[in-house]
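Heads up: the sequence lines are chains A and B, in that order. Position 73 of the first sequence, counting from 1, maps to 73 under our numbering, and the rest follow consecutively. Position 113 of the second sequence, counting from 1, maps to 1113 under our numbering, and the rest follow consecutively.
Where hints are given, some of them may not hold.
To be verified - Label pairs and their computed distance ranges (CB to CB):
id: 1; chain 1: B; residue 1: Asp1097; chain 2: A; residue 2: Asp257; range: 27 to 33 Å
id: 2; chain 1: B; residue 1: Gln1217; chain 2: A; residue 2: Glu239; range: 27 to 33 Å
id: 3; chain 1: A; residue 1: Glu108; chain 2: B; residue 2: Gly1297; range: 26 to 32 Å
id: 4; chain 1: A; residue 1: Gly165; chain 2: B; residue 2: Leu1101; range: 52 to 58 Å
id: 5; chain 1: B; residue 1: Glu1108; chain 2: A; residue 2: Gly149; range: 22 to 28 Å
id: 6; chain 1: A; residue 1: Asp87; chain 2: B; residue 2: Gly1165; range: 34 to 40 Å
id: 7; chain 1: B; residue 1: Glu1285; chain 2: A; residue 2: Arg262; range: 31 to 37 Å
Stated by the list, open to error - Over 12 Å on every C-beta distance to chain B, these chain A residues come out as not near it, computed from the model:
id: 8; residue: Arg7
id: 9; residue: Leu256
id: 10; residue: Leu278
To be verified - Only pairs whose alpha carbons sit at most 16 Å apart, straight line, appear in this in silico EDC-like list of lysine to aspartate or glutamate:
id: 11; chain 1: A; residue 1: Lys286; chain 2: B; residue 2: Asp1163
id: 12; chain 1: B; residue 1: Lys1286; chain 2: A; residue 2: Glu152
id: 13; chain 1: A; residue 1: Lys151; chain 2: B; residue 2: Glu1004
id: 14; chain 1: B; residue 1: Lys1151; chain 2: A; residue 2: Glu152
id: 15; chain 1: B; residue 1: Lys1266; chain 2: B; residue 2: Glu1004
id: 16; chain 1: A; residue 1: Lys286; chain 2: B; residue 2: Glu1152
id: 17; chain 1: B; residue 1: Lys1043; chain 2: B; residue 2: Asp1092
id: 18; chain 1: B; residue 1: Lys1286; chain 2: A; residue 2: Asp87
id: 19; chain 1: A; residue 1: Lys151; chain 2: B; residue 2: Glu1210
id: 20; chain 1: A; residue 1: Lys43; chain 2: A; residue 2: Glu75
id: 21; chain 1: B; residue 1: Lys1151; chain 2: A; residue 2: Asp323
id: 22; chain 1: B; residue 1: Lys1099; chain 2: B; residue 2: Glu1169
id: 23; chain 1: B; residue 1: Lys1286; chain 2: B; residue 2: Asp1317
No wet-lab data here; the hints were simulated from the structure. For each residue, glycine too, the CB sits at the ideal point set by N, CA and C.
If you want the building blocks of each chain, they are given just below.
2 protein chains.
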Amino acid sequence: MFLEACRGEKTRFTPVWLMRQAGRYMKEYRDVRAKVGFLELCKTPELACKVTVDAVEKLNVDAAIIFADILLILEPLGFNVTFEKGDGPKIDPPIRDKKGLERLRAFEPASLSYVYEAVRLARRALKVPLIGFAGAPFTVASYAIEGGGSKEHAETKAFLHRDPGAFRELLAILARSINAYLRAQIDAGAQAVQLFDSWAGALSAWDYREHVLPHSQAALAGLSVPTIHFGTGTAAFLEDFAKAGTVTGIDFHVPLDEARARLGSKPVMGNLDPAVLLAGRAAIEKETRRILAANKGRPGHIFNLGHGILQQTPVEDAIALVDLVHRETATS
Amino acid sequence: MFLEACRGEKTRFTPVWLMRQAGRYMKEYRDVRAKVGFLELCKTPELACKVTVDAVEKLNVDAAIIFADILLILEPLGFNVTFEKGDGPKIDPPIRDKKGLERLRAFEPASLSYVYEAVRLARRALKVPLIGFAGAPFTVASYAIEGGGSKEHAETKAFLHRDPGAFRELLAILARSINAYLRAQIDAGAQAVQLFDSWAGALSAWDYREHVLPHSQAALAGLSVPTIHFGTGTAAFLEDFAKAGTVTGIDFHVPLDEARARLGSKPVMGNLDPAVLLAGRAAIEKETRRILAANKGRPGHIFNLGHGILQQTPVEDAIALVDLVHRETATS
């Protein structure tokens, strides 16, 4: 169902999966994390495979996404990446100017072989399609420039406006690396890939179009499987954002009928506000039905949240959501 | 110039002021804060007046905004509000359900008389118009529900979806209180008021229209001066957002020509990305000229940042920005 929907084909029901479906809200995941740190989990293919598959079995979703992190690619590029409890990721040393580009190492796809091994293991264990993924050039660059997460992305945007040439060079290097990384995941068995531009919404539409979109297109260029392009805060430039990727991920801000009206026949993924999953079954049913109604039965809709699932989410309610989407959209 | 532009009238040049223009990036402000805490500054009319006026004189802007905080109104409503260094505001106890509404005290406008006194003092000291302000019902509610700032606003939206009736009641109480608070600021001499819905962008367009907009309209209802309605992340529902207020504040995401095309003859305020002020004079000139060109000389444009000025901003560059807007738009 999932791959057909990615191609805009009619399906017997609307396929559904949940961003960050293998995560802290799920006991099976917490049990694994009680024993290993976050990076160790990413780097242990058997465990990354286990949490990937556990989530699919628990939720009965129609696609798996390999357990990994968008920042893994920064290690082979020459950064020290650490995840400290409660503190978010730290990237060291941050890149702040053109000179910092000289420190970048050439990306060797083999450096992330633990991800491909997890992909191979999960693909063998799964009955549903497996999605590979990477961070988009802008979002990965933002972490590298800020040295971690950021609210304002001020350093990133100051870099962009101060030295657009060096910024372009940085994003072009990242785009090439990400493209090679996604190809290697596909070679290992990923049947679709998703590009996460989590911070795209930090930009003006002007800056997005001119300084970011070309690099996201390059990151997804020439891939042999369907590609999903997801970002948050993209309402101001959704038509442009949709120019990269087979499927456009819609965050929860834009109602699905409005998104589809803006994007024509483009397949879409989304877009329940993850906070609704904290509001009880009645709210979940109401808001889910509203999204399905807004889609008006059009093909090319993959149901998902409009952002990653929250860790306070009751797992039973996530299961109920998946079941509801299946029941409400079954055509026979 | 400023008040004429709020009314959509032609002006000799484009008026400009900068959100959070009295703030940490400015030495005069840091000198005051070296002696008093943030809340104490808000509650000492002479000092609030001083930092308000200092910023206008230093920058040569065309409007002042009274120094205060959107959370001050929560104290007389029965919350304990504290600002701890580096930690952001804490609101105690947070409201989490219908029962929490019973704890709310009726708003007595006189409880914030220190704000009105600062308005009176500043009005007397200023040659440019003085703007009063308040937080919008949704943003103030979000702080009261989360107990402080929040990235996800998950508790707020869970409350909204779990008990829309109680949520409506909370926002209606806040809207009435805010309306009374703004009236008192106007009575004290504020010549315009701004409603800050800083967190409006946390919502879907559906939720914004249904659960938030009516309360922002009520907060601004029947006021005798021009009103500015500002929010960030409003691109998905800008036309609806513009239904409250005389002037619509445009954050930096939506290019000004696209905003004006969407809003017709509505006066607008904005919208330089504050991060551009960290990128040096060449970038500031380029991006400022781009915004002015996008406005195509139409009346009803107040130049501003698309969000508050960042504390790393070089003050000379903020001064240069104001001067540039004046020079570029002078008609004789």
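Right, here's what the structure says about each hint:
Separation of aspartate 1097 of chain B from aspartate 257 of chain A is about 32 Å and conforms to the stated range, judged on CB atoms against 27 to 33 Å. Evaluation of the 27 to 33 Å hint for glutamine 1217 of chain B and glutamate 239 of chain A yields a pass: the beta carbon distance comes to about 30 Å. Look at glutamate 108 of chain A against glycine 1297 of chain B: about 54 Å separates their beta carbons, and that is not inside 26 to 32 Å. Taken as a hint, the range 52 to 58 Å holds for the pair glycine 165 of chain A and leucine 1101 of chain B, whose Cβ atoms sit roughly 56 Å apart.
Under the hint 22 to 28 Å, the C-beta atoms of glutamate 1108 of chain B and glycine 149 of chain A, about 41 Å apart, miss the expected range. The beta-carbon spacing between aspartate 87 of chain A and glycine 1165 of chain B, approximately 39 Å, falls within the hinted interval of 34 to 40 Å. Between glutamate 1285 of chain B and arginine 262 of chain A the CB atoms are about 33 Å apart, so this pair conforms to the stated range of 31 to 37 Å. Non-interface call for arginine 7 of chain A relative to chain B: holds, since the shortest CB-CB distance, roughly 27 Å, exceeds 12 Å.
At the 12 Å boundary, the C-beta of leucine 256 of chain A falls inside the reach of chain B, the nearest C-beta of that chain being 10 Å off. For leucine 278 of chain A, the condition that its CB be more than 12 Å from all CB atoms of chain B is violated, with the nearest at approximately 4 Å. Annotation: proposed proximity of lysine 286 of chain A to aspartate 1163 of chain B holds, straight-line Cα distance about 13 Å (limit 16 Å). Under the criterion of a C-alpha separation no larger than 16 Å, the hint pairing lysine 1286 of chain B with glutamate 152 of chain A is inconsistent with the structure, at around 21 Å.
The hinted pair formed by lysine 151 of chain A and glutamate 1004 of chain B fails the criterion: a straight-line CA distance of about 35 Å is larger than 16 Å. Taking the CA atoms of lysine 1151 of chain B and glutamate 152 of chain A, the gap is near 12 Å; set against the 16 Å cutoff, the hint holds. Distance restraint check for lysine 1266 of chain B and glutamate 1004 of chain B: the Cα-Cα separation of roughly 13 Å lies within the 16 Å cut-off, and the hinted pair is therefore satisfied. Restraint check for lysine 286 of chain A and glutamate 1152 of chain B: not satisfied, since their Cα atoms lie roughly 21 Å apart, outside the 16 Å limit.
Straight-line distance between C-alpha atoms of lysine 1043 of chain B and aspartate 1092 of chain B comes to about 19 Å, which puts the hinted pair past the 16 Å bound. With a C-alpha separation of about 37 Å, the suggested pairing of lysine 1286 of chain B with aspartate 87 of chain A is violated against the 16 Å cut-off. Using a Cα cut-off of 16 Å, the hinted pair lysine 151 of chain A and glutamate 1210 of chain B is violated, with the two alpha carbons roughly 28 Å apart. Restraint check for lysine 43 of chain A and glutamate 75 of chain A: the C-alpha separation of about 12 Å stays at or below 16 Å, so the hint holds.
For the hint linking lysine 1151 of chain B to aspartate 323 of chain A, the alpha-carbon distance of about 29 Å lies beyond 16 Å, and the restraint is violated. Restraint check for lysine 1099 of chain B and glutamate 1169 of chain B: satisfied, since their Cα atoms lie roughly 12 Å apart, inside the 16 Å limit. Distance restraint check for lysine 1286 of chain B and aspartate 1317 of chain B: the Cα-Cα separation of roughly 13 Å lies within the 16 Å cut-off, and the hinted pair is therefore satisfied.
Going down the numbered hints, you'll see the structure goes against 3, 5, 9, 10, 12, 13, 16, 17, 18, 19, 21, while the others check out.
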